[in-house]
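K.L.:
Take each chain as given, in its own frame, and dock them per the hints.
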Amino acid sequence: MSFGFQIFDANGILRFDSTDVTWNQVTFYTVAANGSDSRDIPEISGKAVAVGEIMIDPPLTTRKAVAHNITVNGTTVSVSGGSEDVYIIVLVKG
Amino acid sequence: MSFGLTALNDNNEVIISSELKNLHFIDKLTTPISSNSTTTGFGGIKIHIYRVNNCPTIPVPFIHMAVNEEAGVTAVRNIDSTTWDIEVLTNNHNPDVYVFADASAVSATNNHGLIVYNADGAEAFDSRARPLAVTNATNITPPSSPRSPFSPGGLDAKFCNSNGNSTHSSGWTPNTSNDTSLTLPAKPMFFYFSLGQAELEASYFANEEECDGASVKGNCVGFVRRYSWTSTYWAFYRATISYPNTSTLRSQWTTYAYDCHWQYSTNDGAFGIGTGGSSSAGGAWPYSNETINLSDKICIVGDASRYD
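If you're matching them up, the sequences are chains A and B in order.
Each residue of the first sequence is one higher than the last, beginning at 1 in the working numbering.
Each residue of the second sequence is one higher than the last, beginning at 1001 in the working numbering.
Hints are computed from structural coordinates only; laboratory data are not their basis.
Predicted model only: the values in this text are computed from it and were never measured.
Pairs of lysine-lysine, DSSO-like flavour, derived with a Cα cap of 30 angstroms:
| id | chain 1 | residue 1 | chain 2 | residue 2 |
| --- | --- | --- | --- | --- |
| 1 | B | K1158 | B | K1217 |
| 2 | A | K93 | B | K1187 |
| 3 | B | K1158 | A | K64 |
Quick look at which bits of chain A chain B covers, simulated, 3 or more residues with Cβ under 8 angstroms:
| id | stretch |
| --- | --- |
| 4 | 12 to 21 |
| 5 | 25 to 38 |
| 6 | 61 to 67 |
| 7 | 82 to 93 |
Here a beta-carbon is modelled for each residue, glycine too, at the ideal position from N, C-alpha and C.
Chain B with its partners taken away, still in its complex shape (with noise of 0.2 angstroms):
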């Protein structure tokens, strides 16, 4: 380099130069500002929206849970121009938010410290704001599909009566996790962005007649009406992590939204001819029957007590 600064670590790698960007301890975040589809089936679900302000670029989160308790970044928006939202997928738990970012959203205001500067005058690293600081990072793959076996039973084919049953929230709370060996610190916090999708649906039907008439050989001989229901039961997954303990990484899927759908028809008949029919629809209907997204994704961690 002909200008500025480069730091190395005990392992000779770049951790200050004026050619990067370090990130900054910006805030935590323990409120969130709106949290939503509360409840314990499913394995858990919860929702939440942490705000960041007074940040004009990009906010990076970790985010610190419990042992055992699961969550995964599902979504980031920017408000305006230094405002942002976080979308937090749990399964029911409150974690804390630690954000982080370039130097341009420091707002300190002491003259301790050192200010290492890019080339064009735009701040690389601020002392006066504390630097991320990672302790490990791996690559982690959610399992092929939250549940195995998926054979769920007992729900009612008619107008979705069975939706958010406990029966169909055993049938679909997720049971599968992939686990990785990792050292973490008594107070992990996690970088890890959730992509990976998966949606699980079982159709349910019934059929029933009658008829106001005589019964030949099982035809009806007279009026006869026809009536059948059909309800599509389904979950929808978003991949998330935990940590059952400081020595490994788990990767699994969170329950992000549940539904059914139904339809319903009637087909009239008199002495073998039709008459007429009827149907209707409603419910919510899921987009496919599938897992997506399920490449290798980074789960970079630090120590939150760092931070506290």
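Looking at chain A on its own, in the form it has when it is part of the complex (with noise of 0.2 angstroms):
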């Protein structure tokens, strides 16, 4: 390559370079089931953000497992309406 970056590792394999793409973590937490949390991430800003949702307890045949609402507003990522605690993992890309 004529210009950007190339990072080797100690044995000479190329491992990440300028022509790749990626998806950052920016953030994780828990939301607990029947709660709800809003929490400003500006690094968000003015990128593909993807918000992912991970049920912390399997779920039981017995009763529902609602999901929660994910709504991301500007940098605003608010997190409700579920009925199961879950892990929220915020990736950006851009």
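P.N.:
Written as structure tokens, this is what we have:
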């Protein structure tokens, strides 16, 4: 490559360079069952945002396991309305 | 920025930043610590638990499976401060789980490469652990129902006698999917958390009457015993993904559990007067007959061969 950067490991193998694309993690946190959370995350400004929601306990067939609703408005990520404890992981690209 | 480092790729996107946290390859898990519910019925069911050790932050799992094999991450549990369990639902196969996490989980010991720190001194990027590079990403949604049409028949109404048999299995095997055109590498790995859940159920009824006496115009004159049975067969599904080829990503349902609930009752009478009865019930009861959590979910794709 005539411009950009390349990062090699100790064995000389190319591991990462400026042709790669990636999603980076901004933060992760938990939201309780039947709880809510709203927080400002300035790092997501101007970037593509992916908010992953991961149920902490396995789903039970004896009751509904309703996912939280997630909205991204500007740099505010809001989570609410779910019946399960969840991990929220915020990823960005751009 | 007034400090730190930002590196852009050829598309002018930030791929290393001291204000973000790159995901780094931590481990490739090929052997689950436990697996259960193995069956080829109902389209196949096998639920694995993979354990991640020495990881002080949340693991981000990418799953690699062969063409047409279905998989989805259905739960992540924090066992202790550095140990996590990842639950993966499959249609009866053993996928590989590639685990990524932020740089706090990197345990490299050599002194070659590049490390970028955040303002608080925590590592944001460490080239000694292979950083995550992705090839594609898209939003996907499973179909509104696991089966179309859903019209099972021929199951026994008494005491769930057909529970798990071939008729139950064939009637509830998922058969719907949504395809998305997406260019995949030869050995793709997928970041996909399954939130979609669906349940389908069907109830069967039977009644019998025994009469110790004469039957007049269909009515028992004498002592009568009436029996009734109800069996509700069901299956519970979670949203999963698969790929029929390297240009298509498929969203579908995979059976997570199946079972049946039954009720039995008797009513006795003599000469038109009720003399008592009894009832009993057994089996497992499903939560409801509906589909929930159907909104779009992101699926991020990487090249698994890069981390082998």
